[in-house]
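*Asks:* Sequences listed follow chains A and B, in order. So in my numbering the end of the first sequence lands on 165, straight run, no missing numbers. So in my numbering the end of the second sequence lands on 414, straight run, no missing numbers.
No wet-lab data here; the hints were simulated from the structure. It is possible that part of the hints are untrue.
[To be verified] If the Cβ cut is set under 8 angstroms, some of the chain A residues that face chain B in the computed set are:
(1) T25
(2) R67
(3) F86
(4) R93
(5) V133
(6) T137
(7) R138
(8) G141
(9) V142
(10) K144
(11) E149
(12) K157
[Stated by the list, open to error] What the simulated footprint calls covered on chain A by chain B, stretch by stretch (three residues with Cβ under 8 angstroms from a Cβ of chain B suffice, anywhere in the stretch; the number is not a length):
(13) 7-17
(14) 50-56
(15) 77-85
(16) 113-123
(17) 126-132
Where a beta carbon is used, it is the ideal one built from N, C-alpha and C, also for glycine.
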Amino acid sequence: MIIVAKAHVYGDNIDTDRIIPGKYTKTLDISQLAQHVMEDLDPEFLQKFSPGEILVAGKNFGCGSSREQAPLALKAAGVSCIIAKFFARIFFRNAINLGLPVLEAPEHDIQHGDRLSVDIENGIVKNLTTGKVYACTRLNGVMKHILAEGGLVNYLKKYGDFVTD
Amino acid sequence: MASAGYTIAEKIISRHTNRIVRAGELCVVKVDGCMATDTTAPMAIKAFREMGGLKVFDPARFHLIIDHAAPAPNEKVANLHQMMRNFAKEQGCNLFDIGSGICHQVMVDHQKVKPGDLFIGADSHTPTYGALNTFACGVGSTDLAAVMLTGKIWLKVPQSIKVILNGKLSPYVSGKDLALLLCKKLTTGGATYMAVEYHGSAVASLTLSQRMALCNMSAELGAKTGIVSPEGLVLPYDYTPIFPDSNANYVQTIELDVCGLKPQLAAPDSPDNVYDVRKFEGTPVTYAFIGSCTNSRLDDLQTAAKILKGKHIATGVRLVVAPASRKVFLEALADGTIQTLIEAGATVINSGCGPCVGTHEGVPGDDEIVISTANRNFKGRMGNPRAKIFLASPATVALSALYGKITSPENESV
Ligand code: SF4
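This is chain B alone, in the form it adopts within the complex (with noise of 0.2 angstroms):
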């Protein structure tokens, strides 16, 4: 044992407290940077105030952004934002504002976290800065509070889970449908309190964004974050990429060959409930949300946008698009995309979280059936029961938008 290498959580970890550590340890650690959403931070500032908390540990390291419930949709919720506001001031903390997009886009569009860091976010998505090779994980408000006091935070040295996939992706097979597919693998809380860990030749391939909607459904697995393998990661900065020792310690190893994978689905209601798209294609579908810190990136909306050029969606259906950040929606009006949407009859809202939480901008009537490419399809996520919701690429969605019904994009041509 005491010749074992290192996961790549060991290591980070290690390098944020003041020993080496190994996967079962209870340690205290430096985080490089922490955040917290409008769920979360007020709950969080009351905490903090609670603790007798004057001044945040560090300003710059700590952000404040409005992207669940933004614009407010009533008073409750705008007093909550106003709270925020005047908090960030008070402390000189970063506070992006409404518009600016879901939490986890801007923290990477602004560069707050990088590769080898140790970021704490009051949102349970967190672990997608895993695709920048990052040890990132989702607390709720109190342990924020903590952070924000001390700027350390206790964790439990997570056990890793190694998944290799290889093989070259088929056309419109994206990093969206290799989270489902290990959803269904996996299972939700398959990995709880674990490190996921994605290596291979198909993740190597991936662009950030890929990498990114694949680390976010880490979440869902009930794992305590996913890391990407820094092989083939291209960022507009250097970094020094952190691998695992070849000999560290997994508590598994699942490798799969991604060779001719179809298009995935989750069914209603839990996000492991995946099979191929076709064994539901031809359900009638009426509204399709794309949007969601999964799949709401440029090449997403590019994707949706390729689909429904020059087309319109089917009579019935609504299409609604949040662009995951100012940034993204920037890059997508000045490149036509947007516009390409609005013509086929897509319903473009600002950058934020949107409907994927169900408290505004899209909640489905009662028994309607939903396609939408984020992360979560419980009972209730948009905001009524009552409503059926699958989870799907944004290729998916977008075909399953134009047509009425849900269709597999594996005989689309690229």
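Same shape as in the complex, but just chain A (with noise of 0.2 angstroms):
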């Protein structure tokens, strides 16, 4: 798969207080949490960006809680893929496990407003304004599998058991 679209830049350890603030998590309504999604760190988000664009971080993202409402919350705002330099480990377990696209590109210096080209299977991104490409850590083994899938559960809808190992 490969998604082409406008990045949004945000900085360093953001966490999942952030990204969803624990007073909303209380309920299994989607389009509640992506209401609130970002909205103590950047109140103007959910106007600046459009459905299928590209959040792109620092180091550390997504930390703090275990809370899957984080990476959810993105997701139903309509977050195609994340790119970090390195994600907070329960919260990438969580995007992958949701279907959501994460790669880490450690030596990223994307800008906000760039557009990007990325090849998720591959672990590719190219930076179509400044031309630059960056490799990404890629993913495998079950994580794949898992992806490919479009997450955990239809994963497990369709084999039972993990499959691997």
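From the two separate chains plus the hints, produce the assembled complex.
*Replies:* Quick look at the structure:
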């Protein structure tokens, strides 16, 4: 899958409380989550961001709580994929389990508004604005299968158990 | 390489899969137990059903705890709690309803997790059980749903960092101060994807409660888990301790002498923004919180009671205390600790997460300065992004409530 879209860039250590404050997590209604996504960090996030666009961050994106509402809210708001220098581990797992592509590009210098072309399978991000190419850590094994099935729910619905190992 | 020994994490994971594994390998492991809370269980139950799940793999190994917003503050939460109760009844699994306490304390109090176990919790502070020489890791709801269905989880065997803390701790310097010191040294995210192993004479002398406080904040380092060496660990039952091999491979070894370490605090808005309490001494506070899975066990409450006995907190300060569990609450009632705290002006609330996560029971107002024994002080953590949160040990928090300003316990007589 190749995604071509505009990048919205945020900084380091964006925690799950800033992605979706705890007070909004008490719901199974996904559209309600999307309404409050990133609001403590950038109150205008939802006005600026169009569905299908790409979220880019620095180090340790999604640190803090295990709340899966964080990647879910981003996915519900239309985030097509997230690129960060590295992710907090629970956020990273949760995103894959929800079928939201996450790519680690340790050396990226993507600027706000750059247009990107993202090759999820091969882990390559091209910056169409500057011409730069960033190599990303590639997903392997079971993670790749889960993402390919669109998340862990679909994966287990299909296979009934973990098929690797 | 072939002759290198194994870390604790590698040993425990190997025992739960069908082969001997090393750091970096991906594997599917069997779990000894798993749990979810009212923040994560509703989504997990939904995902479990969507996966086609009818029966959880083993009801005796799956626990539901209602602790994060308990009792329910509104109808939405009340309905999610009902969903958990109904699911527990249907599946015959353990339900720890409101007032039982914070998930992590409940699992330890009820011996649902033991040394050598591989335990998965749908809560980021699950590494707390590493205090019991356990490999315990936090996941989100969909991962947990997969465990509920299969009794298994996929894991990448983590690399380990060895932390050796030597020396005798000064009075009023606790496991929490050590945890904050490590946040400072390793920074948030500094141990991402890794296991942090805690060793050394300062660690060996810690009680289980203090080990839990230390291990709890491994989550703030981004670690997959924290594991405390079993040296000096006393439990009310027999167990087989798991030590690392002397030639095990570590990505990093940090050795610190903690003799003379001063009480530590994390200033707003990050748990790694750590200094000696002294640096902020005199900063006025209006809200003090003693609670959370980091510090609300019996010894934490007793420390606060000792400081506040026969005295009263400063005018204009609220002190909220949430005991870690019903067991802790009852013990603190029986020995007079609760009475002392209430006489000193504390508001004691039910056992559970309380205001730690900002959903109810004590959200701070705009521009308030809070001092708390919890583990996170991100903006908005306690429900109001305009409040500032300092994190410290129970002794520092109690003393700061007493004087209405940040105060270091380093000069207190013990
Ligand atoms: S006490 Fe706070 S940190 Fe601990 S489990 Fe509850 S909400 Fe999470």
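*Asks:* The structure should be examined with respect to each hint, and the outcome stated for every one.
*Replies:* These are the hints, each one checked on the structure:
1. T25: Nearest chain B Cβ about 6 angstroms off; hint holds.
2. R67: Holds: closest Cβ of chain B sits about 6 angstroms from R67(A), inside 8 angstroms.
3. F86: Cβ of F86(A) sits 6 angstroms from chain B, so the hint holds.
4. R93: Cβ of R93(A) sits 6 angstroms from chain B, so the hint holds.
5. V133: violated (25 angstroms)
6. T137: violated (11 angstroms)
7. R138: violated (13 angstroms)
8. G141: The hint holds - G141(A) has a Cβ within 8 angstroms of chain B, the shortest such distance being about 4 angstroms.
9. V142: holds (5 angstroms)
10. K144: violated (10 angstroms)
11. E149: violated (12 angstroms)
12. K157: holds (5 angstroms)
13. 7-17: holds (count 3)
14. 50-56: Coverage by chain B is violated here, the residue count being 0 at a Cβ distance below 8 angstroms.
15. 77-85: violated (count 0)
16. 113-123: violated (count 0)
17. 126-132: Result for this restraint: violated, n = 0.
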